[in-house]
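Engineer: Chains A and B, in that order, are what the protein sequence lines are. As numbered in numbering that gives the first Met the number 0, residues 0 to 264 make up the first sequence, in order. As numbered in numbering that gives the first Met the number 0, residues 0 to 663 make up the second sequence, in order.
Simulated from the structure, these hints should not be mistaken for lab results. Source: prediction; values computed, not measured. Virtual Cβ for every residue (Gly too), placed ideally from N, Cα, C. Be aware that one or more of the hints could be misleading.
As the list claims (entries may be wrong) - Short derived list, chain A residues pointing at chain B, Cβ under 7 Å:
1. 153
2. 168
3. 176
4. 232
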Amino acid sequence: MSMFRPTATHKVIPLVPADGAQPGNGGRIRVHAMRYNPRDPGNAPRLQTYELEQAEGMTLFIALSEIREKQDPSLQFDFVCRAGICGSCAMVINGRPGLACRTLTKAVGPDITLLPLPGFELIGDLSVNTGKWMRAMSERLEAWVHMKEAELDLTRIEARMEPELAEQIYELDRCIECGCCVAGCGTVRMREAFVGAVGLNKIARFRLDPRDTRDDDDFYELVGDDDGVFGCMSLLGCHDVCPKQLPLATQIAFVRRKMAAVGFR
Amino acid sequence: MKVVYTDVLVIGGGLAGLRMAIAAKRRGHDAVILSLVPPKRSHSKAAQGGMQASLGNVIKGQGDNEDVHFEDTVRGSDWGADQAVVRMFVNTAPKAVRELAAWGVPWSRVRRGDRTVIINGQKVTITERDEAHGLMAQRDFGGTKKWRTCYVSDGTGHAMLQAVGDQAIGSGIPVHERAEALALIHDGGRCYGAVVRDLIDGELTAYVAKATAIATGGAGRLYRVTTNAVICEGIGHALALESGAAALGNMEAVQFHPTGIFPAGILVTEGCRGDGGLLKDVDGHRFMPDYEPEKKELASRDVVSRRMEEHIRKGKGVGSRFGDHLWLDITLLGEKHIKTNLREVFEICHHFLGIDPTKDLVAVRPAQHYTMGGVRTKPTGESPTLKGLFAAGEAACWDMHGFNRLGGNSVAETVVAGMIVGEFIADFCDDPGNEFNLPTGLVREFVEREQAKLDALVASRGTEDASALKARMQEIMTAKVGIFRTGRDLEEAVAELQQLLARSRNIGLRTPSPGPNPELVTAYRVQKMLKLALTVAYGALTRTESRGAHFREDHPRRDDAQWLKRTLATWRDGASLPELNYEPLDIAKMELPPGWRGYGAKDYVDHPDTPRRQAEVDALKTQYAGDRFALQRALLPYDDLLPARLRGRNERIDEPFGGTGRAA
Numbered sequence: 000m001s002m003f004r005p006t007a008t009h010k011v012i013p014l015v016p017a018d019g020a021q022p023g024n025g026g027r028i029r030v031h032a033m034r035y036n037p038r039d040p041g042n043a044p045r046l047q048t049y050e051l052e053q054a055e056g057m058t059l060f061i062a063l064s065e066i067r068e069k070q071d072p073s074l075q076f077d078f079v080c081r082a083g084i085c086g087s088c089a090m091v092i093n094g095r096p097g098l099a100c101r102t103l104t105k106a107v108g109p110d111i112t113l114l115p116l117p118g119f120e121l122i123g124d125l126s127v128n129t130g131k132w133m134r135a136m137s138e139r140l141e142a143w144v145h146m147k148e149a150e151l152d153l154t155r156i157e158a159r160m161e162p163e164l165a166e167q168i169y170e171l172d173r174c175i176e177c178g179c180c181v182a183g184c185g186t187v188r189m190r191e192a193f194v195g196a197v198g199l200n201k202i203a204r205f206r207l208d209p210r211d212t213r214d215d216d217d218f219y220e221l222v223g224d225d226d227g228v229f230g231c232m233s234l235l236g237c238h239d240v241c242p243k244q245l246p247l248a249t250q251i252a253f254v255r256r257k258m259a260a261v262g263f264r
Numbered sequence: 000m001k002v003v004y005t006d007v008l009v010i011g012g013g014l015a016g017l018r019m020a021i022a023a024k025r026r027g028h029d030a031v032i033l034s035l036v037p038p039k040r041s042h043s044k045a046a047q048g049g050m051q052a053s054l055g056n057v058i059k060g061q062g063d064n065e066d067v068h069f070e071d072t073v074r075g076s077d078w079g080a081d082q083a084v085v086r087m088f089v090n091t092a093p094k095a096v097r098e099l100a101a102w103g104v105p106w107s108r109v110r111r112g113d114r115t116v117i118i119n120g121q122k123v124t125i126t127e128r129d130e131a132h133g134l135m136a137q138r139d140f141g142g143t144k145k146w147r148t149c150y151v152s153d154g155t156g157h158a159m160l161q162a163v164g165d166q167a168i169g170s171g172i173p174v175h176e177r178a179e180a181l182a183l184i185h186d187g188g189r190c191y192g193a194v195v196r197d198l199i200d201g202e203l204t205a206y207v208a209k210a211t212a213i214a215t216g217g218a219g220r221l222y223r224v225t226t227n228a229v230i231c232e233g234i235g236h237a238l239a240l241e242s243g244a245a246a247l248g249n250m251e252a253v254q255f256h257p258t259g260i261f262p263a264g265i266l267v268t269e270g271c272r273g274d275g276g277l278l279k280d281v282d283g284h285r286f287m288p289d290y291e292p293e294k295k296e297l298a299s300r301d302v303v304s305r306r307m308e309e310h311i312r313k314g315k316g317v318g319s320r321f322g323d324h325l326w327l328d329i330t331l332l333g334e335k336h337i338k339t340n341l342r343e344v345f346e347i348c349h350h351f352l353g354i355d356p357t358k359d360l361v362a363v364r365p366a367q368h369y370t371m372g373g374v375r376t377k378p379t380g381e382s383p384t385l386k387g388l389f390a391a392g393e394a395a396c397w398d399m400h401g402f403n404r405l406g407g408n409s410v411a412e413t414v415v416a417g418m419i420v421g422e423f424i425a426d427f428c429d430d431p432g433n434e435f436n437l438p439t440g441l442v443r444e445f446v447e448r449e450q451a452k453l454d455a456l457v458a459s460r461g462t463e464d465a466s467a468l469k470a471r472m473q474e475i476m477t478a479k480v481g482i483f484r485t486g487r488d489l490e491e492a493v494a495e496l497q498q499l500l501a502r503s504r505n506i507g508l509r510t511p512s513p514g515p516n517p518e519l520v521t522a523y524r525v526q527k528m529l530k531l532a533l534t535v536a537y538g539a540l541t542r543t544e545s546r547g548a549h550f551r552e553d554h555p556r557r558d559d560a561q562w563l564k565r566t567l568a569t570w571r572d573g574a575s576l577p578e579l580n581y582e583p584l585d586i587a588k589m590e591l592p593p594g595w596r597g598y599g600a601k602d603y604v605d606h607p608d609t610p611r612r613q614a615e616v617d618a619l620k621t622q623y624a625g626d627r628f629a630l631q632r633a634l635l636p637y638d639d640l641l642p643a644r645l646r647g648r649n650e651r652i653d654e655p656f657g658g659t660g661r662a663a
């Protein structure tokens, strides 16, 4: 389908850039972005290189926006908040999953290779459908507070909670569903239905929450198998790449211990 | 032609949209949500500092109640708000925050005993009550008399969106992600749904619904420097405007937040100042007390932003290659506080400025932040002129913010209006009188019209570049329709925006493909955005007074005699300017007649009706002294405006209900 008209700066280069790429002249950087439209049968994945001047404080959000405005308006990618809080812009940056919006080009340049996040349906170029994956995971794990009463008396003073417990729940609730943990996961490569660290972290979060009526037997039904917590091989790439630095390693180990206790009963 | 039928079509998957859909679904009506992005990525997420609800749990919030919240909100609005709607809001906010607590939001909680806080630059020890232990905590925010802002560290919107988004999933509400409404389907008097474009494959689908609700957030991206997410382009506003039937209210009322980080414009929360942070100039001098001795850094946002720009004009800004800025100093709050209660601020400073805010000052300058204007609605949330069209949240002009919104009142509005308007949507769908017989030809006509527009853009040999037009519009809005406005600048802005609108009909695409083409999206959106930008600029030019965030240097006084009225803008197809009409605000019905806000400018032009109403209010206050509920009923009855299930008083530590409730 690509109606894109190449210009002098738009060289098509092989998927793996040659070793020994030269550093950019002065402040110039080169962004090598994967181009692919999965709806176009005649289209093959390739890397396309864009050269631009690096500005002070330039992030990948700024760089990619400039490329789209000035060089190639067809390049697909996703940004929403551009402040590191919404999780839209996760991609593989020089081989490592991360949030593009808060990645400074000077920290990863002058040659920056950008690939879409693996493990998710590709929409096109650097855009992947994390939303669809996360919704399916949430439905499968019933990832919402299962309340005691259907109808609350909202006029009354709220139930109390220890301040420390609220902080512990928030610590796990900080997940932004960006998908980096799934992209960094070894198990996902072998088990497509694996719920990922994002899913197991949610189980840990709802386990902690006294407002949720479920117990470990209920959670075992959701994650007590090889697509759940027992599928994790403890490679812990998830923990290393989580942009919110969630304590995924300890939470997965904790959930596994609790689920094993149910399983052994 | 693909058609999707549902009871309720909600356009926008942020907090307001999600909450409306949940309300409708729980009343037995099917709802479909359209969202440009996965709902949990909506801009609601960016609300950091908190949500105002007058719980009065913390000792600095003791004595807080709906009355105090009401007065703060009306003063904040510079008397532009609909006071009955403010009453509906302040009475429902405690219920909303308590519902969210039950849904799993990990609100920060009160810990009994002594703690050290920073007030007015000084360390102060305060003692929280035993009976408050474990209840939701509140922090201080601008323009409030009490500590009222409930919070989850500084990720309040995030935590709220997690909980509400999760409940929507649990309720089985479908969200059609990466879907964009291009036009409302209507016959000039009744709305029947929308024409929707799939952003993945570019196909159009007609969504036909008994009730259609716009909850698309703000229009910050009309400006170059804004805290808003890149999706906040005002497209929902434009849908209503382009209908020609619905009106937009007060679009000239645009809020600038004092602390956007410089130069990127990313927000750092008002909680920084609420928790004791200070604004400083090039000399390290704390300048706000010089201008605002009463509230200092915690006057309302419009006032603080103007004072900052005024101070920069006096040459007290800090120079940089990007221009001048000021400093936000939160170092005095200490590392533990920052890393617990301001951790997003810490991360933002680290990643985007490369500094450590526990040790370094943060470069800030005011940035566009909030759109007070929106789709004009009745207190039920329905458009008074286009039946079956509802709106809630930032996209609406309900109108509880008037000309300036208080910090912490926006996420509060999303869920409160979501609850209230959601109930009214369910009532609307229950009423057999609202069924319709829709000619399929009308639906086809709307779909074909939108398809033809897209086809024309793709086929165009036009010479204009969509991104360049958008960039120029943003530059004009930031330079000439900003914090300080003059008739001359606004005239120039209107003239050039009109030229841009004309040029936008001659856009040619460099990549003329019909499918998932980002350039095509920019092209059709910029045509809509220019109409909105003109509505803002023309409304600002016409309003020859200063009120709230709308400040005219050539008309610096608030003028109640001439301008105590709401701007209503409509757009006729093919026009190059909106048509403006005005809806007067009735002082005789005000619970709080116009006066001085308690901060900011003290000179304003009184309305001739104000003294009479003030005398009535004073007499009622004497008559009902000691019974705040009876007094309130006498001043401004509003209970019948609320859905039955959301009426009722709110229990507090100091106002216990007794009986066997959950109250400890």
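Engineer: Next step is simple, just say for each hint if it's right about the structure.
Structural biologist: Outcome of the hint check:
{"no.": "1", "hint": "153", "verdict": "holds (4 Å)"}
{"no.": "2", "hint": "168", "verdict": "holds (4 Å)"}
{"no.": "3", "hint": "176", "verdict": "holds (6 Å)"}
{"no.": "4", "hint": "232", "verdict": "violated (28 Å)"}
The earlier numbered hint that this structure contradicts is number 4, and it is the only one.
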